[in-house]
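Asks: All chains should be built: construct the whole structure from the sequences, respecting the hints.
Number of protein chains: 2
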Amino acid sequence: MKAEIIAVGTELLLGQIVNSNAKYLSQELASLGIDVYFQSVVGDNMGRLCEAIQIASGRADVVIFTGGIGPTQDDLTKDALAAVLKRPLHIDRMAMDHVDRFFKDRGVPMTENNRRQALVIDGSTPLPNETGLAVGNAISEDGHFYIVLPGPPKEMKPMFELQAKPWILQHVLTDEMPIYSKMLKFAGIGESLLETKLLDLIEAQSDPTIAPYAKESEVTIRISTKANSELEAMSKLEGTEQEIRSRLAEHLYATEDVPIEKVIVDMMTEQGTTVSVAESCTGGLLMETITTIPGSATVFSGGIVTYSNAMKEKLLNVPHKLLEGEGAPGAVSEETAIVMAEQVRMIGDADYGLSITGVAGPAYSERKPVGLVYVALAIRDQETEVYELHLKGNRDTIRVRSAKTILYYLWRKLKQRESLGSQA
Amino acid sequence: MKAEIIAVGTELLLGQIVNSNAKYLSQELASLGIDVYFQSVVGDNMGRLCEAIQIASGRADVVIFTGGIGPTQDDLTKDALAAVLKRPLHIDRMAMDHVDRFFKDRGVPMTENNRRQALVIDGSTPLPNETGLAVGNAISEDGHFYIVLPGPPKEMKPMFELQAKPWILQHVLTDEMPIYSKMLKFAGIGESLLETKLLDLIEAQSDPTIAPYAKESEVTIRISTKANSELEAMSKLEGTEQEIRSRLAEHLYATEDVPIEKVIVDMMTEQGTTVSVAESCTGGLLMETITTIPGSATVFSGGIVTYSNAMKEKLLNVPHKLLEGEGAPGAVSEETAIVMAEQVRMIGDADYGLSITGVAGPAYSERKPVGLVYVALAIRDQETEVYELHLKGNRDTIRVRSAKTILYYLWRKLKQRESLGSQA
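In order, the protein sequence lines correspond to chains A and B.
Anchor point for the first sequence: position 23 equals 23 in full-length UniProt numbering, and the numbering is continuous, going up by one each time.
Anchor point for the second sequence: position 241 equals 241 in full-length UniProt numbering, and the numbering is continuous, going up by one each time.
Since the hints were derived computationally from the structure, they do not count as laboratory data.
Any given hint could turn out to be false.
Any copy will do: because identical chains look the same in the list, a pair fits if it lies in one copy or spans two.
To be verified - Restricting the straight-line Cα-Cα distance to at most 30 Å, the calculated cross-link-like pairs of lysine-lysine (DSS-like) are:
(1) Lys262 / Lys415
(2) Lys23 / Lys157
(3) Lys392 / Lys165
(4) Lys23 / Lys165
(5) Lys415 / Lys392
(6) Lys86 / Lys2
(7) Lys368 / Lys262
(8) Lys157 / Lys392
(9) Lys262 / Lys392
(10) Lys23 / Lys404
(11) Lys392 / Lys154
(12) Lys321 / Lys157
(13) Lys368 / Lys165
(14) Lys368 / Lys104
(15) Lys104 / Lys197
(16) Lys368 / Lys157
(17) Lys154 / Lys197
(18) Lys404 / Lys262
(19) Lys368 / Lys154
(20) Lys262 / Lys314
(21) Lys226 / Lys157
Replies: So, in structure tokens, the structure goes:
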């Protein structure tokens with residue numbers, strides 16, 4: 001089963017936005033076992049849109065459109081598909097009611113052009129839009145399947161998940177074996193080192209397949225297989241997973257696609273432990289990362305950003321003689337990192353205190369090189385740990401890697417605590 | 001002049017990475033006055049790649065490839081283009097030297113497959129790769145222009161900028177007028193309200209063109225025109241810019257593509273003023289946003305994140321009776337926002353103190369709705385200002401909008417100070 005994704009919109013061709021819909025749909029189709037052979041982007045132009053549909057129909061079984069179904073005269077996706085399929089369009093009653101209700105609820109008069117958002121192609125299945133106004137379409141003709149989705153991701157994703165995916169399972173994948181995947185997520189290890197450790201497995205892979213990729217200081221491995229059921233898939237995936245686990249146990253923090261801060265917030269909530277944070281070169285990024293997770297308020301009570309030495313002294317009681325003067329280790333040092341972590345742990349009356357101090361660049365500081373970062377982990381009733389990092393990359397990368405690294409050390413401590421708890 | 005961008009790589013079709021190269025190249029080509037009519041993505045497959053090249057040659061004058069020029073047998077872009085153009089490939093001497101030197105410098109033996117990275121098509125211009133190993137190609141044939149670039153953005157962008165763009169100016173755009181654009185950046189106003197205020201201009205636009213778009217709580221307008229020189233362009237753009245300025249002066253914070261925090265750091269550095277930050281629901285995002293800007297250490301000394309009420313009392317001296325008890329306004333209130341801003345300004349001995357407290361969701365808090373946020377701005381020797389915001393969106397969006405809104409209010413104050421200073 002071969003698929004093509006056609007994104008419609010001049011804003012893509014002008015480079016004003018990135019085509020994140022193509023990435024999302026490609027991933028979703030891959031997980032259904034449908035191979036995407038082409039992605040295309042075409043502007044809001046009737047002739048070129050029809051041409052793109054004809055090309056796609058000649059080389060794909062499934063064609064998925066996103067965009068070009070809004071209210072304006074520029075929104076031509078349904079018109080073009082109707083023209084190519086030689087079918088008329090009509091207003092779908094339920095979709096029209098949905099549009100009417102929207103304007104009525106807001107007490108705003110509906111302008112005539114909004115009727116276009118309720119158009120469907122004759123003989124198609126309307127796909128309701130739960131987060132927007134324009135109705136989607138799904139239609140099969142001559143062994144080809146066409147699915148029309150909105151452009152805005154917040155409308156497109158729910159429509160794909162709730163409407164298009166069930167339609168595909170029912171009409172398209174009648175006898176194909178779906179692909180099942182498992183995500184293994186790693187922290188505290190770079191992509192190339194991880195690949196080296198798995199090189200023999202990656203080179204010999206056939207079924208299951210093993211695909212590593214890296215993103216924002218986390219490495220993901222997706223292992224996939226085709227199977228008739230989830231149970232069969234899991235048993236086929238298990239041997240590969242166990243082999244990978246045995247080699248990288250100390251870095252594997254999740255078996256689903258979640259960031260490490262999510263796992264940390266869940267573990268700490270479970271354990272009833274808390275954390276406070278003191279940051280220098282990361283400027284709040286570590287706290288911001290933790291607090292993106294809903295429910296983080298239970299484990300994180302607060303923290304302090306001290307960019308200047310004066311603030312390090314005032315808010316974190318870092319001794320002046322550590323920071324400045326002849327022979328002082330300076331703000332970017334093991335010693336300062338330790339004081340920051342211990343002090344912020346006490347201020348927050350928390351079980352763990354994290355600190356980061358370093359040189360994120362672009363300029364060096366205290367005659368220390370860009371990328372030199374110290375992270376420390378203070379633990380209630382235990383000795384404080386401190387790590388010296390030598391990070392590569394630009395300012396943003398160094399900041400993200402610093403935050404992710406201390407989160408990795410915290411996760412290791414939480415895991416130790418978990419295994420001690422289960423032994424007790 | 002019509003262009004098509006072909007990105008080559010199975011990782012794009014699997015949805016493992018987003019096609020950011022297409023966005024970059026589309027923007028660059030638009031700024032050169034070349035219209036991108038199609039973007040395509042195709043996998044590492046000889047047959048499908050040749051097919052994509054043939055289709056592109058039939059509908060575009062300029063075809064730009066990214067990806068598929070590395071050392072492995074999967075890297076087929078040059079082979080496919082050579083096959084379609086019926087020209088042989090050969091090893092380029094300079095490119096081969098570059099590859100040899102790379103391995104020699106690292107003391108690593110070069111494997112034979114790396115020779116593929118020095119391949120060029122007969123009769124093409126080799127495009128040196130300053131940040132990687134694979135050489136690019138540019139070739140014109142039968143009124144068509146083909147440019148082959150690497151896939152990794154850190155190799156592709158410099159090669160486009162330093163090699164491909166000059167080649168395009170010399171060989172492709174021999175008599176076209178280039179497009180000149182100016183970006184106007186706005187804060188403190190939504191895209192739809194901004195569009196409403198400019199609707200007559202947008203609808204009547206011909207030359208210059210006016211294109212608004214929104215991203216992360218900032219709205220950008222690009223005004224563009226074709227001209228023979230920058231001077232001519234600027235004079236053509238000026239009337240439109242002045243008209244837009246006259247309608248939206250209080251929101252226009254820059255005439256180049258920079259975020260508002262960059263403008264703020266620059267203005268404060270210039271004025272010699274400083275800022276401290278106290279955050280609750282944004283969890284460090286505001287500080288993190290300010291400190292992404294290199295040089296922010298001059299104006300930002302530090303700040304405090306107080307997620308819990310206990311920390312608000314302890315670190316920011318918010319009175320207990322404001323936070324809890326019968327009839328207390330609570331943590332999410334004008335009163336608390338004001339104390340947070342004033343206290344953090346004093347703690348940091350700064351000219352400005354910013355605070356944010358609100359409900360970012362997904363759950364409500366203190367029986368207050370998701371999206372209710374208070375931001376306050378304490379100013380040395382002036383009265384503190386506080387604003388009640390009702391923000392829409394999910395947790396991430398509400399956090400970003402809160403931070404960008406208080407930055408907008410700070411920018412307004414800095415602008416007032418600037419104009420007072422210049423009058424003095």
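Asks: Would you mind marking each hint as holding or not holding in the structure?
Replies: Results of checking the hints against the structure:
In this assembly of identical chains, the alpha carbons of Lys262 and Lys415 lie at most 30 Å apart only when taken from the same copy (14 Å versus 40 Å across copies). Taking the shortest Cα distances, Lys23 and Lys157 sit within 30 Å of each other both inside one copy (12 Å) and across copies (21 Å). Taking CA atoms no more than 30 Å apart as the test, Lys392 paired with Lys165 passes between copies only; the shortest distance there is 28 Å, against 41 Å inside one copy. Taking the closest pair of Cα atoms, Lys23 and Lys165 come within 30 Å of each other both inside a single copy (16 Å) and across two copies (28 Å).
Taking CA atoms no more than 30 Å apart as the test, Lys415 paired with Lys392 passes inside one copy only; the shortest distance there is 28 Å, against 38 Å between copies. Within a single copy, Lys86 and Lys2 get their C-alpha atoms as close as 23 Å, and across copies as close as 29 Å, so both meet the 30 Å cut-off. Within a single copy, Lys368 and Lys262 get their C-alpha atoms only as close as 33 Å, which misses the 30 Å cut-off; across copies the closest is 25 Å, which meets it. For a Cα distance limit of 30 Å, the shortest separation of Lys157 from Lys392 across copies, 19 Å, qualifies, whereas the shortest one inside one copy, 35 Å, does not.
Taking identical chains as interchangeable, the C-alpha atoms of Lys262 and Lys392 lie at most 30 Å apart whether they share a chain (25 Å) or sit on different chains (24 Å). For the homomeric pair Lys23 and Lys404, the shortest alpha-carbon distances inside one copy (25 Å) and between copies (28 Å) are both at most 30 Å. With identical chains, the CA atoms of Lys392 and Lys154 are at most 30 Å apart between copies only, with a shortest distance of 13 Å across copies and 35 Å within one. In this assembly of identical chains, the alpha carbons of Lys321 and Lys157 never lie at most 30 Å apart, being 56 Å within a copy and 45 Å across copies at closest.
Within a single copy, Lys368 and Lys165 get their C-alpha atoms no closer than 54 Å, and across copies no closer than 37 Å, so neither meets the 30 Å cut-off. Taking the shortest alpha-carbon separations for Lys368 and Lys104, only the inter-copy value of 27 Å comes in at or below 30 Å, while the best intra-copy value is 63 Å. For a Cα distance limit of 30 Å, the shortest separation of Lys104 from Lys197 across copies, 24 Å, qualifies, whereas the shortest one inside one copy, 61 Å, does not. When the C-alpha separation of Lys368 and Lys157 is checked against a cutoff of 30 Å, the pair qualifies only between copies, where the shortest distance is 29 Å, while the shortest distance within a copy is 47 Å.
In this homomeric assembly, Lys154 and Lys197 come within 30 Å of each other (Cα to Cα) only across copies, at 26 Å, whereas the closest approach inside a single copy is 39 Å. When the C-alpha separation of Lys404 and Lys262 is checked against a cutoff of 30 Å, the pair qualifies both within a copy, at 12 Å, and between copies, at 25 Å. Proximity of Lys368 to Lys154 under the C-alpha cut-off of 30 Å is restricted to the inter-copy arrangement: shortest distance 25 Å between copies versus 45 Å within a copy. Taking the shortest alpha-carbon separations for Lys262 and Lys314, only the inter-copy value of 27 Å comes in at or below 30 Å, while the best intra-copy value is 32 Å.
Taking the shortest alpha-carbon separations for Lys226 and Lys157, only the intra-copy value of 24 Å comes in at or below 30 Å, while the best inter-copy value is 38 Å.
When each numbered hint is compared with the structure, violations occur for hints 12 and 13.
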